[in-house]
Amino acid sequence: MILIYDTETTGLPRDWNAPITDGDNWPRLVQLAWQLHDPRGKLLSRGNRIVQPDGFTIPFNSTKIHGITTARAQEEGLPLDQVMEEFMADAAQATYVMGHNIGFDVNVAGAELVRLGQAPAGLTEKALIDSKDEGTEFCAIPGGRGGKFKWPTLTELHQKLFGEGFGDAHDAAYDVSATARCFFEMVRLKVIERPEFEHPEKVVYEAPKLEAANFDTPEKAAVQGDGPTNTLSADASMLEEVPFTHLHVHSQFSVLQAVSPVVELVAAAKEMGMPALAVTDHGNMMAAFQFVRACNKGGLKPIVGAELNVCKDMHDKSKKDDGYPTVFLAKNKNGYHNLAKLASKAYTEGFYYVPRIDRALVEEFKE
Numbered sequence: 001m002i003l004i005y006d007t008e009t010t011g012l013p014r015d016w017n018a019p020i021t022d023g024d025n026w027p028r029l030v031q032l033a034w035q036l037h038d039p040r041g042k043l044l045s046r047g048n049r050i051v052q053p054d055g056f057t058i059p060f061n062s063t064k065i066h067g068i069t070t071a072r073a074q075e076e077g078l079p080l081d082q083v084m085e086e087f088m089a090d091a092a093q094a095t096y097v098m099g100h101n102i103g104f105d106v107n108v109a110g111a112e113l114v115r116l117g118q119a120p121a122g123l124t125e126k127a128l129i130d131s132k133d134e135g136t137e138f139c140a141i142p143g144g145r146g147g148k149f150k151w152p153t154l155t156e157l158h159q160k161l162f163g164e165g166f167g168d169a170h171d172a173a174y175d176v177s178a179t180a181r182c183f184f185e186m187v188r189l190k191v192i193e194r195p196e197f198e199h200p201e202k203v204v205y206e207a208p209k210l211e212a213a214n215f216d217t218p219e220k221a222a223v224q225g226d227g228p229t230n231t232l233s234a235d236a237s238m239l240e241e242v243p244f245t246h247l248h249v250h251s252q253f254s255v256l257q258a259v260s261p262v263v264e265l266v267a268a269a270k271e272m273g274m275p276a277l278a279v280t281d282h283g284n285m286m287a288a289f290q291f292v293r294a295c296n297k298g299g300l301k302p303i304v305g306a307e308l309n310v311c312k313d314m315h316d317k318s319k320k321d322d323g324y325p326t327v328f329l330a331k332n333k334n335g336y337h338n339l340a341k342l343a344s345k346a347y348t349e350g351f352y353y354v355p356r357i358d359r360a361l362v363e364e365f366k367e
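Just so you know, this note's numbering puts 63 at position 63 of the sequence shown, and the rest follows in order with no gaps.
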């Protein structure tokens, strides 16, 4: 038997190589859909479940991808333990677990089993078939690392096999159905070969009857309830007299990122009629003195800043964590001093591949 499944989640992991026992790393399960087939393509069982959030909310940016709000999940979802019990009952019958980028889905579901205090081996130790890997040479899309072919998206694979894309991507149930269709077509074409598929020419995919997609209603398409709504209307002419200032600018001190001398940046800003300018170089404030002097001479307001990498723990050097480049601006002299301390400590205490700081240090020098 082959279990084909897909997940929709609250986001992505910080560390793709972290174990599933690291509950803070792996995102929470929002929707789980699966289909159980025999080797000939006959549909034996299926499920499509939304999970009730317990101790978490669904971020608005995730809702924009899959269309499931926290409010909808609370109303329509089922408890996690009930969903996983039903899913694992079908998983127990499967020889193979299959999906598109299935490693991610196995880790997400496995992490949820760990959170429930259950052994994940019944899922994580199954043999895997990944249509992303199996379809790479078949699709032969250039652009991969080292001159190799890149991994195809599910839509690209579907297009290659059937000459058309498919609707409602990022709805787990529809993604599973499309993945299953691609899988059995690749079996039929002998792109995927396993001992269980003795007569690929006899494979016929039995498709399920799917429920309405996540974005099927205006209310769900607008993802109302959890995110901001914009009811304002504006005319571009309203901005004609509003002064504009760049707040994220790199100078020649952002090595390998920019080449503009500080004096020329200030001159260009003055020529464009800007009342102020910010310089936010990568990981350093070496331009600060030149920048303030040039702005004072040119009649512009200098805004001193820096772009620093903020990671989870700047003192943890057991794994590579560059963090995220974040712009900081000093609002006064004390802010300048604190920003200089952040930039310095990024090198003296947090350097690991790149200069880094963390939230705790920002809290200490936030004024």
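None of these hints come from the bench; they were simulated from the model.
Some hints here could point you the wrong way.
Now the in silico label distances, taken between C-beta atoms and shown as ranges [what the hints assert, rightly or not]:
1) R194 x L247: 52 to 60 Å
2) P261 x L12: 14 to 22 Å
3) K148 x F60: 33 to 41 Å
4) R194 x A140: 18 to 26 Å
5) N61 x P275: 30 to 38 Å
6) E198 x T57: 36 to 44 Å
7) N61 x E363: 48 to 56 Å
8) Q93 x H199: 19 to 27 Å
9) A212 x L247: 39 to 47 Å
10) P261 x I65: 14 to 22 Å
No farther apart than 27 Å at their CA atoms in a straight line, the calculated lysine-lysine pairs in the DSS-like style are these [claimed, not checked]:
11) K331 x K317
12) K317 x K333
13) K64 x K42
14) K190 x K126
15) K366 x K312
16) K150 x K160
17) K317 x K297
18) K331 x K320
19) K132 x K64
20) K345 x K312
Note that the coordinates shown come from a computational prediction; the quantities given were computed from them, not determined experimentally.
We put the beta carbon where it would ideally sit given N, CA and C, even for glycine.
Taking 27 Å as the top limit, are the C-alpha atoms of K331 and K320 close enough?
-> violated (32 Å)
Do A212 and L247 keep their Cβ atoms within the hinted range of 39 to 47 Å?
-> holds (44 Å)
Proposed proximity, K312 with K366 (alpha carbon, max 27 Å) | Distance of about 17 Å is within 27 Å: holds.
Cβ-Cβ distance between N61 and E363: within 48 to 56 Å?
-> violated (24 Å)
Taking 33 to 41 Å as the hint, is the beta-carbon distance of K148 and F60 inside that range?
-> holds (36 Å)
Given the hinted pair K64 and K42, is their alpha-carbon gap at most 27 Å?
-> violated (34 Å)
Consistency of beta-carbon spacing, H199 to Q93, with hint 19 to 27 Å | The hinted range 19 to 27 Å holds for Q93 and H199, with Cβ atoms some 21 Å apart.
Would you check the hint for K317 and K333, treating anything up to 27 Å between C-alpha atoms as holding?
-> Answer violated: K317 to K333 is near 33 Å, above 27 Å.
Distance restraint between K132 and K64, which requires alpha-carbon spacing of 27 Å or less = Cα-Cα ~24 Å, so holds.
Hint check for T57 and E198 - Cβ pair distance inside 36 to 44 Å = Violated, since E198 and T57 (Cβ atoms, about 48 Å apart) do not stay within the stated range.
Is it true that the CA of K190 sits at most 27 Å from the CA of K126?
-> Roughly 22 Å separates the two Cα atoms, so the pair holds.
Lying within 14 to 22 Å: is that true of the beta-carbon distance P261 to I65?
-> Given a distance of about 42 Å, which is not inside 14 to 22 Å, the answer is violated.
Violated hints, in rising order: 2, 6, 7, 10, 11, 12, 13, 17, 18; the structure is consistent with all others.
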